[in-house]
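Position chains R, G and P relative to chain Z; hints supplied.
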Amino acid sequence: MPQNPPGAVRMGLLEDLKEKLGDIAAEIREEKPNYYSVRVEASSLVEAARRLVEMGFDHVASVEGVDWIKEKEMEVSWHAESYEPDLKSIIIKLYTRVPRDDPRVPTLIDVWPSAEFPERETWEMLGVVFEGHPDLRHLLLPSDYEGIPPLRKDYRIKVEGFIVDLTRQQKQ
Amino acid sequence: MSIADRIRRNPLYSLKMHAAAIATGLRYLFAKPRMTVRYPEYVIDLGRNYRGMIRLHKDKCISCSLCAQVCPASAMKMYKLPGEKKMYPGINYQRCIFCGFCVDICPVNALEHTPVHDIAEEDMEGMIYLPLPGRFDREWKSPAEEEGGRKVKVEFDEEEGLKHEPE
Amino acid sequence: MLGPLDPLINFILEPYFFSPFIYPGLTIGLVVLLTLIWAERKMAAKVQLRYGPLYVSKQIGGALQMIADALRFFFQEPIIPRQVDKIVFLATPALALTVTVLPFIFIPAAPSYVGVAVSYSLPLVLALGALIPVVIILMAWGANNKFTLVGGIREAFMTVGYEVALFISAFAAALYYKTLDLSVMVEKQASLGLPGIIINPIAGFVFFVAMLMASSKLPFDIVEGEQEIVAGPFTEYSGILYGLVMGASYLYLYVLMLVFVEMFLSGWLPVIHGLGSIYPALGGVMLFVKTYILLLFAVFLRGVYGRYRLDQALSLGWRRLVPLSLIAALWSFGLLIAGV
Amino acid sequence: MTSQGSRSSETDMGYGPGTIKEPGFRYRPMGRDAEGMELYEIFIGPQHPASGHMRIVVRLDGDIIVNADPDIGYVHRTMEKLSETREYLKSIPLFERATIIDSANITWPYVRAVEQMLGVEAPLRAKYLRTLLAEINRISSHLYGFGLTGIFINHSTMYMWSFGDREIWVQLAEELTGARLTHTYIIPGGVRRDLPQGFKEKALKAIRYMERRLEDYMKIFVYNPVTVARFREVGVLTKNDASRLGIVGPNLRASGVHYDARIAEKYGAYPELDFEIPVMEEGDSLARLLVRIEEIKQSMRIIKQVLDKMPQGPFFADKYMRLIPPALRKHVAETGRIKLPGAFIRLKPPAGEAVARGEMGHGEVFYHIVSTGDTKPYRVRIITPAFRNVVLFRHLTRGARFMDLPVIYGSIDYFPPEGDR
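Residue numbers (our numbering), protein chains in the order written: chain Z, 1 to 172; chain R, 1 to 167; chain G, 1 to 340; chain P, 1 to 421.
Careful: at least some of the hints might be erroneous.
Using 20 angstroms as the maximum straight-line C-alpha spacing, the simulated DMTMM-like pairs for lysine to aspartate or glutamate come out as follows [as the list claims (entries may be wrong)]:
hint, chain 1, residue 1, chain 2, residue 2
1, P, 202, R, 45
2, R, 141, R, 118
3, P, 200, R, 160
4, G, 146, P, 38
5, Z, 18, Z, 54
6, P, 266, Z, 84
7, R, 32, R, 155
8, R, 151, R, 5
Think of the hints as simulated: they come from the structure by calculation, not from any bench. Since we're looking at a predicted model, the values are computed, not measured.
Next comes chain Z alone, as it looks inside the complex (with noise of 0.2 angstroms):
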């Protein structure tokens, strides 16, 4: 494939990133290969996206929560990847967690302006407060939505069974 460049891969990333975010990072680790999660307190996370960004990876492709609700917390995170030559086969994960009940995060969309409709997503989906957020409006769901914010494992979906008998209803 001439045309295309090669689609060499940045070796190292690991250490990259235990360099540049291992002073505020709580654990960095390397998932699967090319996917890597980079764990950070709240407060950190602006100054961790930002040097993030300063590495290439300049745009998020989803911000999302995950509902842990055994142990009460939920997991915000941020995916970012990058058009760099070298960096575009990666996936960094950026992400926190913080208590269920009340979620806060700040907004990363100063850094990542890419993140702005799924972070509007996940504040509708999921509850999650991102702070400094400029336009928390529905987006998804109707505007007058009110209720446990639909992906919280609380809200829950009856799920039909595959068997019916018909014995008993005489129906047909």
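For chains R, G and P alone, coordinates are given in the frame of chain Z:
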């Protein structure tokens, strides 16, 4: 300079491209092919590969209920009917998405796809096909074909794309 | 023979009745309207590898589809929204149609066969046509809807975009003929033995394009602009009211096309003058055939073009068509001076 | 990047939650922004000839768009929540329905993520078959977008042509998978059907037909002066903005960024194939169209290679094949159709997480799956290309003319059901 920029900068070239567009239009105005298949006068033969309405062979069924468990739309359910000992699958076509998982998972090939998709029912109840005689085990036939529509075969063609030749 | 009916037939055949009401006026206008829309749909369908309207009267290719549509318009309930100005809303469709059909009085249908013979028929026809935008803007205002208002403003812009070029190019041709009377123009072309489009091709081209703009046919259907403003000034109309306003634009195209054929394609020629005066209908038929073929071409463009942007259409009008029409005027002037 | 000033005006315009316009309300088309400037506010959608299943609140100053606010969610189907309630296999038909026109490409990364967690790899032939369907889908997705772009400037011929020609690719996909759009073809461990007899000849005929037709597309639509006037230098997205906003797909590549998830992730048969990633520098709406045309050509090139190089062998992973009774295994070999093992319903990946990306016709799709070792995923995050591109409605329309809005909409190939999920 790209063609687009030439069109923008050079009025004469732009006129030429206007003429080319009109000529293309005129060419198709007098060309023969049409893409439309005039359903229901002509019915496309979907072939045995098509994932159409599902048919149950009740004699083969072993009531394992795998089909009902795999159904992603909860369309297929196991029905226990009065007077029958075993449960048999029934299907609700209000929900069916024709993914064919039930056909693929059936260990005895008791379920099969038919090449028919154009079925209408008079009411919502009618779309639930219970494992009763003449219902879920029925031989499907396209209503358009039953009312005199001619079957056409789809053929790939370099000139016309898809050709629909009556059989 | 039909003694008592004779005066009636004579009356009908008199130009002052026949011209506005039968041909080229209302009756034939209606026929043109119905068949032209059908032809437009059929041609667009053919270019697009489809069949178009078919199942209403399948034997004749769905030609009765338009009758069916017209019937549907008649029996559909015209909804009058609450926020509209009722009088304006109801009056403007009729007004638009009236203004569109008025020019028929002045358009000669055959040699010396015209409803009202005046020596200023060309400016009269164009001036009456220039009233249509006023009605449409009124309509847009009366409907009092966001989309109609935008449509009305677009109509106002478009008017200034094409009207100047339309008038100048028409007068550029008239300058060479040294007359403003359409019948005389045709006779001039007869005596020259050349159609006007060869004498002054630039004027002909500008007039044709400006005509498309005036009747908001593609690529200039900016006023209706379905993808932005639903149906422009006609958004709130339904039923027969919508039928009227939609038909008006086709009728206006027909009017202008008649003028175009008489100015640039030598009208009812090649029918010889003498023969025409014996049997005037022949001239009328010739004029109609030419007009209709050009109308078909104009609506065929639907299959070829998208829509220009408003400012691009205006820029086309002012930067290209107006200078070109001035050149056309100079051309005619030059021809006159050279004495060709 | 995103101006704070215009966003703060949202609440002043009085359309947000809580403002109810009572009956008999007198029409007042003008609103005011924060600075007191009068703006004309138009709602494009959700019921509008060109809106699709969404609404765009457009504020105009004269003919110039001051702000366009995309209001999406009209076809939200709670896919992330639903996928938590069903087994891994059952989510495939569900995700397919986010982008029904491109269903192979949207489910492939999901299947890859599940395979990663399960530790299964599809056999080589299955990878080629997946690539084949993915490219067929990419072509039909581009043609779909092309048709809509055409009708957005009222070019009905482009609309009808590309929808008609899309039929050929839909037909090809149907012969391969049995369904026209919702193929559900790619499943963990492989694919559901083997390549049917005579498929190659049909595909080559379709390719030759399409190549000829693309030339006519160029003449009647792309290089039609009207189209050039409408699309050139409209909605220009700079390289930097495209990268910072995380734009994906042809929209990104039309702005000069050489990025394609097929290259970045090296999945399927792509590492073994020879194809180009078309890139253009202009970043305007016409460049986005041209990139799509070029991608259709590249996809056809890929299909040819896939059909030439198609390796022999099984099309379903041996690990699951062994779970099927021998009689059925024979049936599979004879008919070329898979029989699923019963245990397939309850796939149970170990606790952990996986991410996967894939290149759809519209751009990059992203999946993040969190498993707790149950038969159902704990969390599935799906970010579709349309959802990532939706910000362009605001970004590209600012300062554009009102009539540019449909052009920009068409050129970014936004697909509302995909954005809403």
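Results for each hint:
Distance check on the hinted pair: residue 202 of chain P and residue 45 of chain R sit about 17 angstroms apart at the alpha-carbon level, within 20 angstroms; holds. With a C-alpha separation of about 9 angstroms, the suggested pairing of residue 141 of chain R with residue 118 of chain R holds against the 20 angstroms cut-off. Distance hint between residue 200 of chain P and residue 160 of chain R is fulfilled; the C-alpha atoms sit about 18 angstroms from each other, no more than 20 angstroms. Taken as a hint, the residue 146 of chain G and residue 38 of chain P pair is honoured in the structure, with Cα atoms around 15 angstroms apart against an allowance of 20 angstroms.
This hinted pair checks out: residue 18 of chain Z and residue 54 of chain Z have alpha carbons roughly 14 angstroms apart, not beyond 20 angstroms. Only pairs whose Cα atoms come within 20 angstroms are accepted, and residue 266 of chain P paired with residue 84 of chain Z is accepted, the gap being roughly 16 angstroms. Using a Cα cut-off of 20 angstroms, the hinted pair residue 32 of chain R and residue 155 of chain R holds, with the two alpha carbons roughly 17 angstroms apart. The suggested pairing of residue 151 of chain R with residue 5 of chain R is violated, with an alpha-carbon distance near 50 angstroms, which exceeds 20 angstroms.
Going down the numbered hints, you'll see the structure goes against just number 8.
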